[in-house]
Amino acid sequence: MKALFLGLGALFLGTVVALAQADRSKARNGGDARFDYAELSKAPEKARARQNPLAADETAVAGGRNLFERHCAECHGESGEGGKKGPSLVVPEVQDASPGTVFWVLTNGVVRRGMPVWSKLPEAQRWQLVSYLRTLKIDTPPAAASAAK
Amino acid sequence: MVTYDHYLEEPGSLEVAYFSTLGTQRAGHDFHAGWLELEYGVKAWWTTELYLDGQTTFHDSTVFTGFRWENRFRLLQREHFINPVLYIEYEQISEADRIMKEIEGHDVEADHAVPNAEARQGHNHELELKLLLSKNFKGWNVAVNPLATKPLLPSVPWEFGYAVGASRPLALKASAQKCNFCRENFSAGIEMYGGLGDTVSPGLHETSHYLAPAVAWSLPSGWSLRVSPGFGLNDNSHRLLMRWGVSREFSGFGEMVGKLFRGRQ
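From first to last, the protein sequence lines stand for chains A and B.
Start counting the first sequence at 1; every next residue gets the next number (my numbering).
Start counting the second sequence at 150; every next residue gets the next number (my numbering).
Mixed in with the good hints, there may be bad ones.
[What the hints assert, rightly or not] No farther apart than 27 Å at their CA atoms in a straight line, the calculated lysine-lysine pairs in the BS3-like style are these: (1) A:Lys42 with B:Lys299; (2) A:Lys120 with A:Lys84; (3) A:Lys42 with B:Lys287; (4) B:Lys327 with A:Lys42; (5) A:Lys46 with A:Lys84.
Worth flagging that the hints you see were computed from the coordinates, not collected in a lab.
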């Protein structure tokens, strides 16, 4: 029985390690195209046109921040600056996208590239996240920043 | 606790859970079946899960009853009117298994009256298929899970069952403050599950069915607690199946394990 437990544990751990290694080598070889923003352009017109119903709600940003820290920061970084698993959210591609577009990507995820669907959060919470994402500061590339000075 | 929605584990995250079912038994002794669950998000479209089952029958004994390996595959990339997920599970369990994770075929209360020493002599190798259909509507999640099980013996027929459920968070908006007891951290729902016979004798006769309210509490720290008393709906059912479970999610587990085996670079 003990051998069975150990065997199953080893099999499960082995699978996790093998899959983690496969992901890493893919990223090293440049074969991982997770970090682009093409998905934003796939939002249907009707979805893009949707307005944030919580845009005027002063508590929406604070609620959205809590949700971001709980569900998003692990991949996208604590300030949305991007991480190993998720792209930066403080780039013009995201910040200039309409609220409806961001909401659509949140709802549908980018499943092929590792972002889960977030429709498990109620609609109001997804709009709170959209409100919070709007408050993140856009990263200015160093060259552009010095030119501005 | 029995019905699945279409949401999978986040990629790279590991959820470790302990669940148990406390069952009353009219003929024979009450039992407490527990199982350890390791759920890993392999991809955003694939979750794999290992179960280790055991049970204690009061005034009898405690036995390890087997393992299950479950895989869930998201079939569509985006959200649709109804979202399907394919569920495939291989089970190698003894007939003493009483976790009752699903009810299928002609499962009835009397099956569990057999003493452990006798029941554990029988072994089941089964393949179980489910289609998890789920939809969100105004904050509610409604899910329907038809299931078919095939013991891996040619002479044994396919068995069928179902689970349907609906649940909703107590609040749809997140609070501005960080809190453990905010209403959005709690959800409540109800589910019904039971057997539908087999290919030889399909239908509702000699089957058991349960109705179970359920409450879940998810803390921001990754801990979750779930409780669900299930009430038998006919004479073939246990009068009460009291289920509860606690789980902890470890984000970034895959990356952590990968680092451990790669060393520092």
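Q) When the hints from earlier in the document are held up against this structure, which numbers fail? A) The structure breaks hints 1, 4, 5; every other hint is satisfied.
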